[in-house]
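S.K.: Chains as they are written, first to last, in the numbering used here: chain A, 53 to 330; chain B, 1276 to 1653.
These are computed hints drawn from the structure, not numbers from a lab. Mixed in with the good hints, there may be bad ones.
What follows is a set of in silico ranges between Cβ atoms, one per label pair, in the way DEER data are often shown [to be verified]:
#1 A/Thr55 x B/Leu1476: 24 to 34 angstroms
#2 B/Pro1461 x A/Val56: 47 to 57 angstroms
#3 B/Lys1533 x A/Lys274: 55 to 65 angstroms
#4 B/Glu1536 x A/Gln183: 39 to 49 angstroms
#5 B/Gln1281 x A/Gln183: 35 to 45 angstroms
#6 B/Gln1331 x A/Pro136: 16 to 26 angstroms
#7 B/Glu1536 x A/Asp265: 36 to 46 angstroms
#8 B/Glu1536 x A/Thr55: 16 to 26 angstroms
#9 B/Pro1307 x A/Tyr204: 28 to 38 angstroms
#10 A/Lys242 x B/Gln1331: 15 to 25 angstroms
#11 B/Pro1307 x A/Leu316: 17 to 27 angstroms
#12 B/Gly1487 x A/Asp92: 30 to 40 angstroms
#13 B/Pro1388 x A/Leu89: 48 to 58 angstroms
#14 A/Arg321 x B/Pro1461: 44 to 54 angstroms
All figures in this text were calculated on a predicted structure; none of them were measured in a lab. Virtual Cβ for every residue (Gly too), placed ideally from N, Cα, C.
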Amino acid sequence: MATVRDYLRPGMLPHIWCPGCGDGTVVGALIRAIDKLKIDRDLVTVITGIGCSSRVNNIMDFNSFQTTHGRAVGFATGFKIARPEMKVIVVAGDGDGAGIGGNHLIHAARRNIDIKVILINNQIFGMTGGQFSPLTPYGAIASTAQYENVEYPFDVCKLMEAAGATYVARGTVYHLSLTEKLIARALEHKGFSYVEVITQCPTGYGKRNKMVDPYQLLMWQKEHAVPVEQAAKLSTKEMKDKFVIGEILVRHDRMEFVEANEQLKEKARRWLKGGGGK
Amino acid sequence: MNKGKQVRFMQGNEAVVEAGITAGVRFFAGYPITPASEIAELMSIRMPQVGGTYVQMEDELASMAAVIGASMGSVKAMTATSGPGFSLMQENLGYASMVEIPCVIVNVMRVGPASGMPTHPSQGDVMQSRWGTHGDHPVVVLSPSNVKEAFDLTIEAVNISEMVRVPVVLLSDAIVGHIRERVELPDPASVKLIERKRTSLPPSEYKPFAAGDDCAPEFADRGNGYRYHMCSNVHNEWGFPADSGHEIADRLMRRLHKKIEVFQDRVTYYKTFEVEDAEYMVVAYGCVARSAKDAVKALRSEGIKAGLLQLQTIWPFPAGIVRKFCAGAKKIIVPEMNMGQLINEVRLASGRDAAGVNRADGIAVSPKQIIEKVKAVK
Chain A
53 MATVRDYLRP
63 GMLPHIWCPG
73 CGDGTVVGAL
83 IRAIDKLKID
93 RDLVTVITGI
103 GCSSRVNNIM
113 DFNSFQTTHG
123 RAVGFATGFK
133 IARPEMKVIV
143 VAGDGDGAGI
153 GGNHLIHAAR
163 RNIDIKVILI
173 NNQIFGMTGG
183 QFSPLTPYGA
193 IASTAQYENV
203 EYPFDVCKLM
213 EAAGATYVAR
223 GTVYHLSLTE
233 KLIARALEHK
243 GFSYVEVITQ
253 CPTGYGKRNK
263 MVDPYQLLMW
273 QKEHAVPVEQ
283 AAKLSTKEMK
293 DKFVIGEILV
303 RHDRMEFVEA
313 NEQLKEKARR
323 WLKGGGGK
Chain B
1276 MNKGKQVRFM
1286 QGNEAVVEAG
1296 ITAGVRFFAG
1306 YPITPASEIA
1316 ELMSIRMPQV
1326 GGTYVQMEDE
1336 LASMAAVIGA
1346 SMGSVKAMTA
1356 TSGPGFSLMQ
1366 ENLGYASMVE
1376 IPCVIVNVMR
1386 VGPASGMPTH
1396 PSQGDVMQSR
1406 WGTHGDHPVV
1416 VLSPSNVKEA
1426 FDLTIEAVNI
1436 SEMVRVPVVL
1446 LSDAIVGHIR
1456 ERVELPDPAS
1466 VKLIERKRTS
1476 LPPSEYKPFA
1486 AGDDCAPEFA
1496 DRGNGYRYHM
1506 CSNVHNEWGF
1516 PADSGHEIAD
1526 RLMRRLHKKI
1536 EVFQDRVTYY
1546 KTFEVEDAEY
1556 MVVAYGCVAR
1566 SAKDAVKALR
1576 SEGIKAGLLQ
1586 LQTIWPFPAG
1596 IVRKFCAGAK
1606 KIIVPEMNMG
1616 QLINEVRLAS
1626 GRDAAGVNRA
1636 DGIAVSPKQI
1646 IEKVKAVK
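Construct the entire structure; sequences and hints are all you get.
M.R.: See below:
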């Protein structure tokens, strides 16, 4: 078995993340999942947008490109159609993926195109200095919410489910072996797959919210995460301020988009041969 | 289908679709907008027939992103839109310039700003096509005046984007897009197609942004060991961010610009009419060139020595061509369906003043208006 280091680009290390950041842990989980599944690394493409999360593909030695803020899913859609044999993985942050890129996320889920979105949710805009994101908790402090955040975060897993994603899961950096398993399951799943990983940002989020030590942020993940099986038995009140982890949705009743397009091509060719609707 | 030469009665937007297919485009991503919607509609029919893909994206930002993604995956790709949608594509258009990804964007211009007059033509996006995205960046913009030119220039747009590795804009308009004309389409087998240069280096020696004398880097299809990174930050030859490297930034910017200079002659298209002894030189482009040609004919019949220089390439601005043809003229006239955009480039290139004929109300500049202007400045 190869080590994580075997999949890294030596010239790109050390990485640029702050001490205590969870992004590197997610990179480790992703690499271990790919290695465990024995996916040919030439057939892996990692696409990112802008933000701390976007730097994951600098250090991982796969096909990779970094795109514009929030648009990685759009780029990935074109790339997947052009190269259907590739495993196309989008890694986004919460600002990048659920904020500016939220529209693309729901539509890619609706199309059920076989791309894998790993949303690293550190609940803040990290790279730009700790402004609140659409996933920052209500009442939290951020550099643009110095009194407190009066916007409610949304549950992107529920949104993905409603939008038509066929694989939805959530893990945390604290629950790392679960997270690794969820990423592997997403990689194996055919169709639009969404895996959210709750992570910690001591610099942008923790220091303003009385959790300056990454350990405290990891403990917060531990205390607030509820496994999906357990969550089903809890009341709304008991689930207040908690979030669900585990495999939230797996469905096989929707055709994958690239495959549907291949069938469409056959139909169009038959139509052309028969003179179509002329 | 499409065997040998064909005579067709077709719309400008339809010509763009057929030309794209002839040029090898096999991916189209778009979002409906008047007066460009027919391109998306026809692409949705034609793409699957030729083994390609049509995707209707959720907006123009995603359309442009998907087009670049497909081209990164080695498939020739294009999109089509109009002014407001073109504005939304600008960020990713800049991305394509910076990362040197070939692609074609058709802008069927309508009256702006904002929603303007959605069904009426204009030439209001001349400067947006040049400077719409942020930063210093090179562009190539072609402008057809009729259905045949829409066909031919779409093929050139695809070829140029592949050859130079730059996004190319086809600046059409509601007149060219919607008019129906008789056109002779060439035998697809006779059309010269250009593919981006593929590297012959092994993966271990390949650098995605290393360029030779022509400044256009060689492409490597991903897979088979070609495992590389691209990003739109200022990047080194390996494609990794070098955002603090002023020297690298300088070298990259200069190469991107020089690349267009190197290819300038090969991307410059124009037509002339009665220019040999012209005393009144009309410089026009797009749909207005049609009116200008009629005006020149009418003026000639009255014994007034008028001539037409029709610019089919408007960016990079063919300053040398304009200078050459305007040198002997007593007066220069630039009719445009805007309040005066390319006229300033003509002034700059010729070193002379020029008289504009301008309207931005969605009504075509008529031959009569041009004739009157020539007589007025005479």
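S.K.: Each hint: holds or not?
M.R.: Status of each hint after checking the structure:
no.: 1; hint: A/Thr55 x B/Leu1476: 24 to 34 angstroms; result: holds (29 angstroms)
no.: 2; hint: B/Pro1461 x A/Val56: 47 to 57 angstroms; result: holds (55 angstroms)
no.: 3; hint: B/Lys1533 x A/Lys274: 55 to 65 angstroms; result: holds (56 angstroms)
no.: 4; hint: B/Glu1536 x A/Gln183: 39 to 49 angstroms; result: holds (42 angstroms)
no.: 5; hint: B/Gln1281 x A/Gln183: 35 to 45 angstroms; result: violated (58 angstroms)
no.: 6; hint: B/Gln1331 x A/Pro136: 16 to 26 angstroms; result: holds (19 angstroms)
no.: 7; hint: B/Glu1536 x A/Asp265: 36 to 46 angstroms; result: violated (56 angstroms)
no.: 8; hint: B/Glu1536 x A/Thr55: 16 to 26 angstroms; result: violated (48 angstroms)
no.: 9; hint: B/Pro1307 x A/Tyr204: 28 to 38 angstroms; result: holds (33 angstroms)
no.: 10; hint: A/Lys242 x B/Gln1331: 15 to 25 angstroms; result: holds (22 angstroms)
no.: 11; hint: B/Pro1307 x A/Leu316: 17 to 27 angstroms; result: holds (19 angstroms)
no.: 12; hint: B/Gly1487 x A/Asp92: 30 to 40 angstroms; result: holds (31 angstroms)
no.: 13; hint: B/Pro1388 x A/Leu89: 48 to 58 angstroms; result: holds (52 angstroms)
no.: 14; hint: A/Arg321 x B/Pro1461: 44 to 54 angstroms; result: violated (24 angstroms)
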